[in-house]
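Protein sequence lines correspond, in order, to chains A and U. First residue of the first sequence? That's 1 in our numbering, and the numbers climb one at a time after it. First residue of the second sequence? That's 1001 in our numbering, and the numbers climb one at a time after it.
Keep in mind that the hints were calculated from the coordinates and are not lab data. Since the model is a prediction, treat every value here as computed from it, not as a measurement. The reader is advised that the hints may include incorrect statements.
Claimed, not checked - Quick partial rundown of chain U residues pointing at chain A, CB under 7 angstroms, derived from the structure:
#1 1012
#2 1015
#3 1069
#4 1080
#5 1093
#6 1098
What the hints assert, rightly or not - Which chain U residues face chain A? A few, computed with CB under 8 angstroms, are given here:
#7 1051
#8 1077
#9 1133
#10 1264
For every residue, glycine included, the Cβ atom is placed at its ideal position computed from N, Cα and C.
Spelled out, the chains give:
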Amino acid sequence: MPASGRASRWGLRGFALGYLALLLMIPLGMIFYRAFEHIGPAFESITTPDALHAFYLTILVAAIAIPLNTIFGVGCALLLVRTNFRGKALINAIIDLPFAISPVVIGLALLLVYSRTGWFGGWLDDNGFQVAFALPGIVLATIFVTLPFVVREVVPVLHEIGDEQEQAARTLGANWWQTFWRVTLPAIRWGVSYGVVIATARALGEFGAVAVISGRIAGQTQTATIWIAQAFGNFDQPGAYLGAVVLALLAVSILVAMNLFKRKEAT
Amino acid sequence: MSIIVENASKNFGDFVAVDDVSLTVPDGSLTALLGPSGSGKSTLLRIIAGLESPDSGRIMIQGTDATAVPAQKRDVGFVFQHYAAFKHMTVHNNVAFGLRIRKREKAEIDQRVNELLALVHLDGLAERYPSQLSGGQRQRMALARALAVEPKVLLLDEPFGALDAQVRKELRAWLRRLHDEVHVTTIFVTHDQEEAMEVAEQIVVMNTGKVEQTGPPRELYEHPKSEFVMSFVGSVNRLGSLFVRPHDVEILQQPEPGADEAMIEHMVHLGFEVRVELVLAQGESLWAQITQNEAEQLELEKGQIVYVRPSRARVFDREGLSTDGHPTTEELQAA
């Protein structure tokens, strides 16, 4: 019995590791290897003004979209868990749409509404506000694809903590806002943080929706992922690989920072 | 300060939680809302706190109408069954919460928190987190937190319900003493009649959303107005239309007028008290509560034939009104 138990445990571990290696670790490792194989030309390639602008744009878009989605996500989670209203099930279902719909479809849908010839875009354009093929469109697309992450992380945490702490705060004289800042938010902070981390990682890596709505103008509306795809298409493989490595390191560093912060607070 | 509830009702969908309840809680008293689960006692408490709003009726606290006043402005202290401790705050910060909301001076807050922690015997644990406390300690912290803002009334919702039997007993006695020191008008909800009798000066017995009877513990026990109160407050035997307390069942060795033949089915020795479980010739069963001394004097044994007679019984009519006193021979025979 112990011998077969050990064997099956090792078997499972081996399977999990092998699966991860084949799908994740070896391909990522290859990118690292290739990027540093021709580090000279690769470095030159990703320090061109267009490449730098693409990385700057990716970070800028995330810096706008993620805070907006965090506020929306926490508010929406509170609405879904702490209140009862007609149409709650509908809102609940709509929030998951970005999970279900392909980003390319999201990009096309946004284009239909916000491009010059679109339903709403013409009017905006006439009033001097260009959405499609500009920063606002890219931000919109990123907000769309990262919409569910914070909500879906915070909802179960709100359920778990219950509302007794909030009721206690109210009987002690706290108004809604004080209760939220001093009791609710500290109680859900790890759910929020985790939602923010995965939403940020998702925002940095977004390709499909942004590729459609941005117009991919080099040095203007090209984000990091689009620049990498273009570099690859232009036979600048070292540049594409190193660009990919930089993007991966950005996402990983956010994860690491969050973990360090969490560990520090836990002690 | 006194609390007056006037004709309060509350429904949750089709369920009538509180049904036209009126109630007066005197200034400085310690009152228990007693009833089985689903009797509406917790809902009534939450209505008084402002955590639920009644569908109809009025709540007066200290002579002013509080019905439309939100919970955070009602100046009530509320203690929850599961403590509702702020888990991310230390004990000190939990207790200081209400004072910080009221923007008191730091020195004043520290002094008040230390006083309260001493009052609830948690001095020395101020820098701990709730997760580092036992259940009883958490509930005392919650009580200190509620008392910190000097509430007009203190409301406790099954405060000892989540604690084990030993801690429950200690905290009951402690709450009684605390009330003698602090003297704030206090209402606590419980489903445990022993707890209510031990702690409260006044008990409000509730059933299916209505108040069955209000009075001091002894009055409820001695003069229950309804079948429900008699069987919920203390134990009771039912013999036909008669309701007899187990300690009012007389056990005799010889047949006497009004006494029925019965067989001892089982004897349970609980230390000082002995429970004698009996079956009457007609097949009805009842139990008698006697002292160990009495049991020894009567030389009672399992399987023995004895004669039983209620020394005191009650009859309730269809409306549940009671007739008090010693039963007549006819009544006993009818039973």
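The hints, checked one at a time:
no.: 1; hint: 1012; result: violated (12 angstroms)
no.: 2; hint: 1015; result: violated (16 angstroms)
no.: 3; hint: 1069; result: violated (12 angstroms)
no.: 4; hint: 1080; result: holds (5 angstroms)
no.: 5; hint: 1093; result: violated (10 angstroms)
no.: 6; hint: 1098; result: holds (4 angstroms)
no.: 7; hint: 1051; result: holds (6 angstroms)
no.: 8; hint: 1077; result: holds (7 angstroms)
no.: 9; hint: 1133; result: violated (16 angstroms)
no.: 10; hint: 1264; result: violated (50 angstroms)
Going down the numbered hints, you'll see the structure goes against 1, 2, 3, 5, 9 and 10, while the others check out.
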